[in-house]
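Each chain is listed here by its residues.
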Amino acid sequence: MNILFSFFAVFLIIVAVIIGIEIAQLEFLFGVIIPYAAVATFLLGIIYQVIKWARSPVPFHIPTVAGQQKSLSWIKSSKLDSPHSSLGVIGRMALEILLFRSLFRNTKAELKDGPALVYGSSKYLWLGALLFHWSFLVIVLRHFRYFIEPILSFVLLLQNYDGLFQIGLPVLYITNIVILAALTFLFLRRLTDSKLKYISLASDYFPLFLIISIAVTGILMRYFTKVDIVSVKELAVGLFSFNPVIPQAIGIMFYIHLFLVSVLLAYFPFSKLLHMPGIFLSPTRNLANNSRMKRHINPWNKPVRIHTYEEYEDEFRDKMKAAGLPLDKE
Amino acid sequence: MSESKIKPGELAKKINYEPPKKGWLDPTVDFKHGSYNFSGIPKNVEYLQLPNPRKWQPEDPDWQLPENWKEIILQGFKERLDKFRSLKIFMDICVRCGACSDKCHFFIGSGDPKNMPVLRAELLRSIYRNDFTAAGKVFGKFAGARELTIDVIKEWFYYFYQCTQCRRCSVFCPYGIDTAEVTILVRELLNLIGINIDWVITPVANSFRTGNHLGIQPHGFKDSLDFAVEDLESITNIKANTSINRKGAEILFVVPSADYFGEPHYFTLLGYMALFHEIGLDYTWTTFASEGGNFGSFVSHDLMKSLNTKIYAEAKRLGVKWIIGGECGHMWRVLHQYMDTMNGPADFLEVPVSPITGTKFENAKTTKMVHICEFTADLIKNGKIKLDKSRNDHRRVTFHDSCNPARAMGLIEEPRYVINNVCNHFFDMPDNTIKEQTFCCGSGAGLGTDENLEMRLRGGLPRANAVKFVKEKHDVNFLGCICAIDKATLPPLMDYWVGGVEVGGIHELVGNALIMKGEKERTKDLRGDSLLVNHLTHEHE
Numbered sequence: 000m001n002i003l004f005s006f007f008a009v010f011l012i013i014v015a016v017i018i019g020i021e022i023a024q025l026e027f028l029f030g031v032i033i034p035y036a037a038v039a040t041f042l043l044g045i046i047y048q049v050i051k052w053a054r055s056p057v058p059f060h061i062p063t064v065a066g067q068q069k070s071l072s073w074i075k076s077s078k079l080d081s082p083h084s085s086l087g088v089i090g091r092m093a094l095e096i097l098l099f100r101s102l103f104r105n106t107k108a109e110l111k112d113g114p115a116l117v118y119g120s121s122k123y124l125w126l127g128a129l130l131f132h133w134s135f136l137v138i139v140l141r142h143f144r145y146f147i148e149p150i151l152s153f154v155l156l157l158q159n160y161d162g163l164f165q166i167g168l169p170v171l172y173i174t175n176i177v178i179l180a181a182l183t184f185l186f187l188r189r190l191t192d193s194k195l196k197y198i199s200l201a202s203d204y205f206p207l208f209l210i211i212s213i214a215v216t217g218i219l220m221r222y223f224t225k226v227d228i229v230s231v232k233e234l235a236v237g238l239f240s241f242n243p244v245i246p247q248a249i250g251i252m253f254y255i256h257l258f259l260v261s262v263l264l265a266y267f268p269f270s271k272l273l274h275m276p277g278i279f280l281s282p283t284r285n286l287a288n289n290s291r292m293k294r295h296i297n298p299w300n301k302p303v304r305i306h307t308y309e310e311y312e313d314e315f316r317d318k319m320k321a322a323g324l325p326l327d328k329e
Numbered sequence: 000m001s002e003s004k005i006k007p008g009e010l011a012k013k014i015n016y017e018p019p020k021k022g023w024l025d026p027t028v029d030f031k032h033g034s035y036n037f038s039g040i041p042k043n044v045e046y047l048q049l050p051n052p053r054k055w056q057p058e059d060p061d062w063q064l065p066e067n068w069k070e071i072i073l074q075g076f077k078e079r080l081d082k083f084r085s086l087k088i089f090m091d092i093c094v095r096c097g098a099c100s101d102k103c104h105f106f107i108g109s110g111d112p113k114n115m116p117v118l119r120a121e122l123l124r125s126i127y128r129n130d131f132t133a134a135g136k137v138f139g140k141f142a143g144a145r146e147l148t149i150d151v152i153k154e155w156f157y158y159f160y161q162c163t164q165c166r167r168c169s170v171f172c173p174y175g176i177d178t179a180e181v182t183i184l185v186r187e188l189l190n191l192i193g194i195n196i197d198w199v200i201t202p203v204a205n206s207f208r209t210g211n212h213l214g215i216q217p218h219g220f221k222d223s224l225d226f227a228v229e230d231l232e233s234i235t236n237i238k239a240n241t242s243i244n245r246k247g248a249e250i251l252f253v254v255p256s257a258d259y260f261g262e263p264h265y266f267t268l269l270g271y272m273a274l275f276h277e278i279g280l281d282y283t284w285t286t287f288a289s290e291g292g293n294f295g296s297f298v299s300h301d302l303m304k305s306l307n308t309k310i311y312a313e314a315k316r317l318g319v320k321w322i323i324g325g326e327c328g329h330m331w332r333v334l335h336q337y338m339d340t341m342n343g344p345a346d347f348l349e350v351p352v353s354p355i356t357g358t359k360f361e362n363a364k365t366t367k368m369v370h371i372c373e374f375t376a377d378l379i380k381n382g383k384i385k386l387d388k389s390r391n392d393h394r395r396v397t398f399h400d401s402c403n404p405a406r407a408m409g410l411i412e413e414p415r416y417v418i419n420n421v422c423n424h425f426f427d428m429p430d431n432t433i434k435e436q437t438f439c440c441g442s443g444a445g446l447g448t449d450e451n452l453e454m455r456l457r458g459g460l461p462r463a464n465a466v467k468f469v470k471e472k473h474d475v476n477f478l479g480c481i482c483a484i485d486k487a488t489l490p491p492l493m494d495y496w497v498g499g500v501e502v503g504g505i506h507e508l509v510g511n512a513l514i515m516k517g518e519k520e521r522t523k524d525l526r527g528d529s530l531l532v533n534h535l536t537h538e539h540e
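Chain order of the listed sequences is P and E.
Read in order, the letters of the first sequence correspond to residues 0 to 329 in numbering that gives the first Met the number 0.
Read in order, the letters of the second sequence correspond to residues 0 to 540 in numbering that gives the first Met the number 0.
Possibly wrong hints are sitting among the right ones.
[Stated by the list, open to error] Derived list of chain P stretches under chain E, where covered just means 3 residues or more per stretch with a C-beta under 8 Å from a C-beta of chain E: (1) 69-77; (2) 91-101; (3) 201-209.
Hints were generated in silico from the structure; no laboratory data involved.
A virtual CB, placed ideally from N, CA and C, is assigned to each residue, including glycine.
One chain only, chain P, in its complex shape (with noise of 0.2 Å):
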C-alpha cells in the first residue's frame, strides 16, 4: 500500500509535467518558475527547520558514549568514540557524517536452537548507505559543468576520475552505475527484510522511488533518448546567473528530469531527508564526553520541590538520637 501510494506519486509527477510542456506548452513554468521556488523552498525550508531546532536548548550533557572515556591519566581514552574535547567531537562528527561511523558497527542478530544468539557483522547497509550518498555528492558536483561556464577545475578533475573506465561514448560514469545500485540494494532491502517492510511507510519510498526516477532519467537523457546538451546548458547558465531563458526543442526527458529534481528539492525540507542537516545538531553525538569536567548549563534549570536536610532531621530526630547519630539540633 505505502509502496504502491509512493509509486503512482511519482508516476503522477511525471505524467504531469509530459502533459504540461507536451500539451500545455508550459516551459516557463516548468524551465524557470518552479526549479527557482523549488531552490527557494530548500533553502528557505532548511534554514526555518534548522532555527527551529537551534531555538530548543540542549538542556542536558547527554552524548552516547562508545568508548572508553578520559579518566586516570594510565587508561588510554577513545578520543573518537568517547571524545573529551572539541577536536575529539569534530573528528567524532567527520567520521559519522562522511563514513557513517556508527552504521560501520551494524549486526545482525540471530536466534538459533539452544537458545543461542549470534551477531554477525552486516555491513550491507553501511555500504549501499555509504555509495549511494557518495554517488549523489559526486554526481550533483559534476553537474556543475552545465550550471557553471567557464567549467571549474574541480569539476572537471571529478569527471576524469568518475569516467576513468572511458567505456563507450559518451564515457560511462562510474557513479551512474553505483547510485542505480545502491538505491536498488536499498529499495530491495525495505522490500525483502519483513521487520523494515514492516516499519517502511510511504515517506520512506517516495524519496527512493524519486531518486531512482531522476537517475534513470538522467542516465536516459545522456546515453540513450539524446537532448540538446548546448540547449540544457543555455537553460542552467541562465537559471544560475539570474537571467532565465527557454532555448527551444530541449526534449521532454529533460524537463522530467528538472521536475523530479524540483520535486526532491521542494519536498526535502518537510521530510525525513532533513537527516542531513539534523545530524549536525544531535546531542548525543556532538557533545564531548566531558560533563564531570566541564558544567554544562541548563538554560531553564526548573526549580523543584526537595526535601530538605532539616525537614528529615525533624521527622527522625528521636530515632536518630536513640541510635547515636550526630544532630544538628538537639
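Put chain E on the given structure of chain P with help from the hints.
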C-alpha cells in the same frame, strides 16, 4: 509466577521475529500477564504531589483519566519540544533504516515488532506528525501520522515501560537517536495524566522522605552498617572504622541503598568497608543521602533533580571536600550527565585528590564525584594496597558492563583493571555483548518487578546467552557487575537461562583479595563460602 514455569527452551522457541501482516498504525495492545507492571499506589502518587492519584490497573478498561487528558498530553508534548532539542531532532530525522531494529534486548527476547527501537519511537513520532507537522496534517496515514487516542496512551504505557533506557540502540543509530531520551519524555507525559508504575513511584516517595528507595530510616541504616562491621570482623578479625553523618570528614561516600540491604549487594558493601578501613580513608556515610540510585530519573527530569539534590546538599552540610560514589548503573548516568547541571555548581567542594596516592581526578574536576572503580584502580596502580588474587581462585569471573557506566560514562577499562588485579581467572564475553555494545540486564529503569518477570527474562536473554557462552567455554561461575539493579535481577536471570553462575560486585572481589594489616587467615570469602577450590573442575583451563 506462572511464566517462570515455562522452560527456557520453550520460551525461546516462542520468539518469532516475523512481524504480523497488519500494520502498526492502528493502536493495539494486549496486556500480557508477566509483561507489564502494576500501577503506582495512590498514597505515594499523592505524597509526591503528582497528578491524578487513584486506584487503577493497566488491565482495567477505564483508566480514569482526567476529562481533558488529550489536551494535557499535547500541551505537555509541545512544551517538551520547546525545551529539548533532542526530542525535536529525534522526531524529525529518523529515516527508518532499521539499524537499531535488532539491537534492543526486548526485541531480541520477545520478537514484538513494537520493541524495535525505531518502532517504539514511532509510537510517539506518529502523534508528533499528526499534531505538529505539515506533512502529517496533509498526508495523514501515508505520512505515518495517526490520531492520539486512549489506545495510543495504553500502547505508550506498555512499550515505554518495556524500555530500560539502556541506550544500546543509540550506539548503532547513524544519527545517535536515543530511545532513552524518548522514553524519559514519554514517561513524563504519561505522568501528567497520572499513569505510572508502583515499583518506581513507591521507591521515589521513599527516597524523598527517608533518603533511600527502600524507605530505611536513619536508625535502620545504622543497624545495617553495624551489622556489616560485625560480619566483616568475623571474617577478617578486623573491626572496620565507619562513621555516619560525621561533619568534617574528607570524603562523603554514597551508594545505592540495596548495597546495605540486599544480597548479593551486601558483600560489595563489605568490600568497600574493608578497603576504606585498610587505606585509612577519612570518610563518612550519610543517612540523609543514603541513596545514590535515582528512581526519580525513571519518572521525570523534575523528580530526578528533586532526589539528586540531597547529595550535594549533604556534602555541603557535612563540609566534606569531595564525594565517592559506589557501584550503581543509572545512579552514575545521573551523576555523570545530570547532577552538576541540575544541582551544581559544587563550588563548595574541592577538585578530588586521592589522599592515599595524591592523584588528582581531573576528569571529575567540576562535578567533584569519583567512581569507586576509578578510585580503586588508582590505588592498585600506585601499589597502595596488597592483594592476594588467589583468594578469588574459586571464582571464574566474567564482567557485565552495566549500560550506563558503559554508554554514559565510558567506564570500561577501570573495572577490568581492578578485576584483573584481584582475581586470576577473568574472561570477557563476546565483543558484541560488552563494553559500549553491552546488553542490559533486562530489568533497568524500574522494570524489575515480579509481575513483569516474563518480560524481564525475555529482555535478559541476550545477556544471559553471552554468559552461557563463557560458562561453556571457560567454566565461568561468577558474573561481576557494578550496578545495584544488576545485582538484584541478574541472579534470577542466570538461574533461569544459565544455571550455576553467581552474581556479585567488583568490590566484593576486591574485599576477598585485599590483604588487611593484622587480619586472621582467611578461610572464607565475604559470602562465607570456602576458599578451597576444586581444581578438578577446572582442568581444561
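Hints versus structure:
no.	hint	verdict
1	69-77	holds (count 8)
2	91-101	holds (count 3)
3	201-209	holds (count 3)
Going through the hint list in order, the structure satisfies each hint without exception.
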